[in-house]
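Student: Next come the chains, spelled out residue by residue.
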Amino acid sequence: MCGIVGLHLRDPSLYPRLGQLLTGMLCEMSERGADSAGVAVYGDPVWSPPGHATVTVLGPVDDLAIDEATIISLGATHVVHAPMPVDALLAAVRSQLPGALIAGFGEELTVLKDVGHPRALAAGWGLDHAQGWQGVGHTRMATESAVTPSGAHPYAVGPDQCLVHNGSFANHATIRRHLKARGVVFDSENDTEVGARFVAQQIADGRDVESALKDLCAQFDGFYTLLVSNRDSFAVVRDAIACKPAVIAETDAWVAMASEYRALVGLPGIEKARIFEPEPERIYAWTR
Amino acid sequence: MDPMIFDLEKTPLREVNRTLHRLEAGTVQIQNPHGKHSVAAGLRTAIKVYINGHCGYYAAGMNQLADVVINGNAGVGVAENMMSGSVFITGNASQSAGATAHGGLLVVTGDAAARCGISMKGVDIVVGGGIGHMSAFMAQAGRLVVRGDAGEALGDSIYEARLYVRGKVASLGADCIAKDMRDEHHAELRALLERAGYDDDTADYTRYGSARQLYHFHAGNEY
Chain A
1 MCGIVGLHLR DPSLYPRLGQ LLTGMLCEMS ERGADSAGVA VYGDPVWSPP
51 GHATVTVLGP VDDLAIDEAT IISLGATHVV HAPMPVDALL AAVRSQLPGA
101 LIAGFGEELT VLKDVGHPRA LAAGWGLDHA QGWQGVGHTR MATESAVTPS
151 GAHPYAVGPD QCLVHNGSFA NHATIRRHLK ARGVVFDSEN DTEVGARFVA
201 QQIADGRDVE SALKDLCAQF DGFYTLLVSN RDSFAVVRDA IACKPAVIAE
251 TDAWVAMASE YRALVGLPGI EKARIFEPEP ERIYAWTR
Chain B
1 MDPMIFDLEK TPLREVNRTL HRLEAGTVQI QNPHGKHSVA AGLRTAIKVY
51 INGHCGYYAA GMNQLADVVI NGNAGVGVAE NMMSGSVFIT GNASQSAGAT
101 AHGGLLVVTG DAAARCGISM KGVDIVVGGG IGHMSAFMAQ AGRLVVRGDA
151 GEALGDSIYE ARLYVRGKVA SLGADCIAKD MRDEHHAELR ALLERAGYDD
201 DTADYTRYGS ARQLYHFHAG NEY
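Chains as they are written, first to last, in full-length UniProt numbering: chain A, 1 to 288; chain B, 1 to 223.
Keep in mind the hints are simulated off the structure, nothing from the lab.
Some hints here could point you the wrong way.
[What the hints assert, rightly or not] Pairwise CB distance ranges (calculated):
id: 1; chain 1: A; residue 1: 205; chain 2: B; residue 2: 203; range: 53 to 63 Å
id: 2; chain 1: B; residue 1: 5; chain 2: A; residue 2: 124; range: 34 to 44 Å
id: 3; chain 1: B; residue 1: 204; chain 2: A; residue 2: 145; range: 44 to 54 Å
id: 4; chain 1: A; residue 1: 241; chain 2: B; residue 2: 29; range: 32 to 42 Å
id: 5; chain 1: A; residue 1: 170; chain 2: B; residue 2: 103; range: 32 to 42 Å
id: 6; chain 1: A; residue 1: 13; chain 2: B; residue 2: 46; range: 43 to 53 Å
id: 7; chain 1: A; residue 1: 142; chain 2: B; residue 2: 11; range: 26 to 36 Å
id: 8; chain 1: B; residue 1: 5; chain 2: A; residue 2: 174; range: 49 to 59 Å
id: 9; chain 1: B; residue 1: 29; chain 2: A; residue 2: 268; range: 22 to 32 Å
[Claimed, not checked] Residues of chain B clear of chain A, computed beta-carbon distances all greater than 10 Å:
id: 10; residue: 5
id: 11; residue: 14
id: 12; residue: 31
id: 13; residue: 76
id: 14; residue: 138
id: 15; residue: 185
id: 16; residue: 197
[Stated by the list, open to error] Partial list, derived from the structure: chain A residues whose beta carbon lies under 7 Å from chain B:
id: 17; residue: 175
id: 18; residue: 177
id: 19; residue: 239
id: 20; residue: 242
id: 21; residue: 261
Just so it is clear, the structure is predicted and the values come from calculations on it, not from any experiment.
Where a beta carbon is used, it is the ideal one built from N, C-alpha and C, also for glycine.
In isolation and in its complexed conformation, chain A is listed as follows (with noise of 0.2 Å):
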C-alpha cells in the first residue's frame, strides 16, 4: 500500500505550523504503512538555515569533521548544515563518510527517513516543531525491497529534489540498467529509487519537473502515485491506470495532497477547499 501525503504553503502566516500539520497528516496515513516513514521538509530555519547548504545522513557521523558544520542529532539520522555551496558540503561527508547513507540535500530541503512507525519517527524529530514553505512525507509498506533505511521514502537524490511514490514499477531493473551505463549510482535496490534517480537526470540535463514526468509516464511501466518536489515545485501524476489513490485539495493558503481524504481534515480551511482527485496521466504542477 503506502501512504502519500504533501502540503504546499501560500500562505506564509502558516511557514511556522507546517511540521504540525505534516506531523498529523503523515501519522493519519500510519494504516497505510508502518515499517518505515520518511518525510522532506523545506525551508525549515534550524535545519536548513538561510545561506547554509544542508545534508542528511543516516548512520553515525563521529568521523565527521567539516568546518563551520553543525550537526543535529535527530537519533539515527543527523541533519549537517554549513556556510557553503551544496556540491562542497556534499562531496565532503561523502569523502568523509564512504558509504554512508545520504537521504537528501540541498539549500532548503531537510529530509529524515528511517525504519520505524510513522509516529515514532515523528516525535523522535521533533517533526511538530519544524517550520518552513513545504513539506512532503511517506509511510511505507515495503512490497519491491527490503525494510531498510535506505528502502524509505523520500528518495531526494538530487539538489533540493524529493519524490515519493505509492505503487510499483514493473519495469525498473530495465531503466536502472540504462541510468547505470550513463554512470548513475544507486543507493538501493528499491523500484522508486529509480523514479527519482530519472526524474533527477532529467532534470540534470535542463529539463523541467513537468516534462521530466511525462518522459517517467512515457518510459515507467507499473503502479504509481508520485509527488514530486523541487526548491520551487510540488507536482503530483498517477499512471494511466490510476489504481493507486490520490486527493488533492487547494485553497488561498495551500495546496495539499494525500493519498486519501481523510489526512487532510485537519488543514486549516479544508471546509472550503476545492476538492478532487488527480486524473490520470495528467501532471499537476504548482509553483512557489
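With chain A fixed as given, assemble chain B onto it according to the hints.
Tutor: Using the frame of chain A, we list chain B on its own:
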C-alpha cells in the same frame, strides 16, 4: 421520533455502525465523518441515514433496504455490493462506486471516478456528472446512467447491463457498442432520471450494451 445524532469526533465508528445494525426503523444523522472508512456499511433495515461530510472507503457498502444520503464526497467503493435500498451522494465519488452491486439505486450528483459500476450485477446507478475510465467493466446486469461524459474503455467485456450516456464517450471497451434507443429504453431511462431527481430529454442519450461477441469461443478470438 427525533433523529438519532452521532458525532464521529466523539463516538467510535464501530460503536456507531453497531448501533445502526440493530436499528429496525428511524432516522440517523452522522456528523464529522472526516474521511473515515466503512461509515454506515452493512445496513440491513429500512432506516434513513444522513452522513454529513466527506466519507472514506466503502461508505454504505453492502447496503440492504436502508436509504443513505452522503452530504459530501465519497471515497473508493461507495455502495459496493449494495443489495437494495439507496445511496445518494451530493458530491463526487472516487473509483469503483457501486462495484459488484446487485440492486438498489446509487446516485452521484457530481462526478464518479474510474471503474464506476465495475462488475455491477443489477444495481441502478445515476451519475450527475461524468465517469472515469473502465466504468461498467464486466457489467452483468442493471442500468448505468451518465449525464456527463464517460472515460476510456466504457463497458469493456460487458454482459447484459444497459448503459445510457448523454455526453461524449472517450472510447468503448471490448464488445461494447452503441445501440438503438427504442420506446422501452426511453421509458426506462426517464424513470431512472426521475428517481434520481433529473428531468432530462431522453433523446439526448445514447444507449450502449454488449455486442455479445465474447460470450462464446470462436476462432476469431484467438491470438
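Student: If a hint holds in the structure, say so; if it does not, say that too.
Tutor: Going through the hints against the structure:
| no. | hint | in the structure |
| --- | --- | --- |
| 1 | 205(A) to 203(B): 53 to 63 Å | holds, 54 Å |
| 2 | 5(B) to 124(A): 34 to 44 Å | holds, 40 Å |
| 3 | 204(B) to 145(A): 44 to 54 Å | holds, 52 Å |
| 4 | 241(A) to 29(B): 32 to 42 Å | holds, 37 Å |
| 5 | 170(A) to 103(B): 32 to 42 Å | holds, 38 Å |
| 6 | 13(A) to 46(B): 43 to 53 Å | holds, 50 Å |
| 7 | 142(A) to 11(B): 26 to 36 Å | holds, 35 Å |
| 8 | 5(B) to 174(A): 49 to 59 Å | holds, 57 Å |
| 9 | 29(B) to 268(A): 22 to 32 Å | holds, 25 Å |
| 10 | 5 | holds, 19 Å |
| 11 | 14 | holds, 15 Å |
| 12 | 31 | holds, 13 Å |
| 13 | 76 | violated, 6 Å |
| 14 | 138 | holds, 16 Å |
| 15 | 185 | holds, 31 Å |
| 16 | 197 | holds, 23 Å |
| 17 | 175 | violated, 25 Å |
| 18 | 177 | violated, 30 Å |
| 19 | 239 | violated, 11 Å |
| 20 | 242 | holds, 6 Å |
| 21 | 261 | holds, 4 Å |
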